[in-house]
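Could you put together the complete structure from these sequences and hints?
In our numbering, the protein residues as written are 1 to 176.
Keep in mind the hints are simulated off the structure, nothing from the lab. Glycine residues also receive a C-beta, built at the ideal position from the N, C-alpha and C atoms. Incorrect hints may have been included.
[Said to hold, decoys possible] Restraint ranges, calculated between C-beta atoms of paired labels, are given here: (1) A98 <-> R76: 36 to 46 angstroms; (2) A63 <-> A135: 33 to 43 angstroms; (3) R145 <-> R76: 19 to 29 angstroms; (4) L11 <-> R165: 20 to 30 angstroms; (5) S153 <-> D101: 11 to 21 angstroms.
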Amino acid sequence: MTKLAVVAYPLLGDVDRQWIDSTRIKHDPQVRLIAAHFTLVFPVDFDADAATAHVRSVVGAAAPISFVIKHARAVRDQPGAGGHVFLVPDDGYPELVALHDRLYDGPFRQYLRREVPYVPHITVAAHAVFERCVAIAQELLADARFPEGRIESIELIRVEADAVRCIASLSLGAID
1 MTKLAVVAYP LLGDVDRQWI DSTRIKHDPQ VRLIAAHFTL VFPVDFDADA ATAHVRSVVG
61 AAAPISFVIK HARAVRDQPG AGGHVFLVPD DGYPELVALH DRLYDGPFRQ YLRREVPYVP
121 HITVAAHAVF ERCVAIAQEL LADARFPEGR IESIELIRVE ADAVRCIASL SLGAID
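Structure below.
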């Protein structure tokens with residue numbers, strides 16, 4: 001089996017992309033591993049062919065999603081003393097949750113962690129000290145930036161220790 005995940009790389013304007021990327025360069029240890037993204041299915045060991053077929057069926061019936069990020073939220077690691085900083089959309093939030101839920105319906109259902117509510121987000125920081133995450137989130141909120149973007153496709157990716165590789169890139173609403 002291969003560790004797979006489903007992500008959506010947002011289409012952003014240049015200024016918004018630069019702001020998110022510069023924040024990630026300063027604070028996100030995964031910045032060199034994967035570009036800014038929304039995770040829709042978290043990494044699990046799964047057969048690539050079965051995953052591709054399921055994701056293709058869900059994505060074909062889904063419309064592109066516009067979003068506006070209005071929140072920066074510090075989230076404590078479970079378990080652990082550290083945390084992450086998430087950029088969370090306001091507009092587009094319910095559509096991203098619905099897409100996540102449809103992706104977890106079917107063969108991924110067994111991996112859904114019902115005890116952890118899904119919050120669509122772009123991770124921009126991680127730190128071993130949670131209070132530092134709170135400070136970073138407050139700094140981002142003080143910037144009063146509201147990045148806007150659009151999700152037009154998603155990728156099924158293979159997650160390796162030091163790399164992320166695309167298995168399939170699928171456009172939302174593209175029924176084969």
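Outcome of the hint check:
no. : hint                              : result
1   : A98 <-> R76: 36 to 46 angstroms   : 26 angstroms, violated
2   : A63 <-> A135: 33 to 43 angstroms  : 38 angstroms, holds
3   : R145 <-> R76: 19 to 29 angstroms  : 24 angstroms, holds
4   : L11 <-> R165: 20 to 30 angstroms  : 21 angstroms, holds
5   : S153 <-> D101: 11 to 21 angstroms : 19 angstroms, holds
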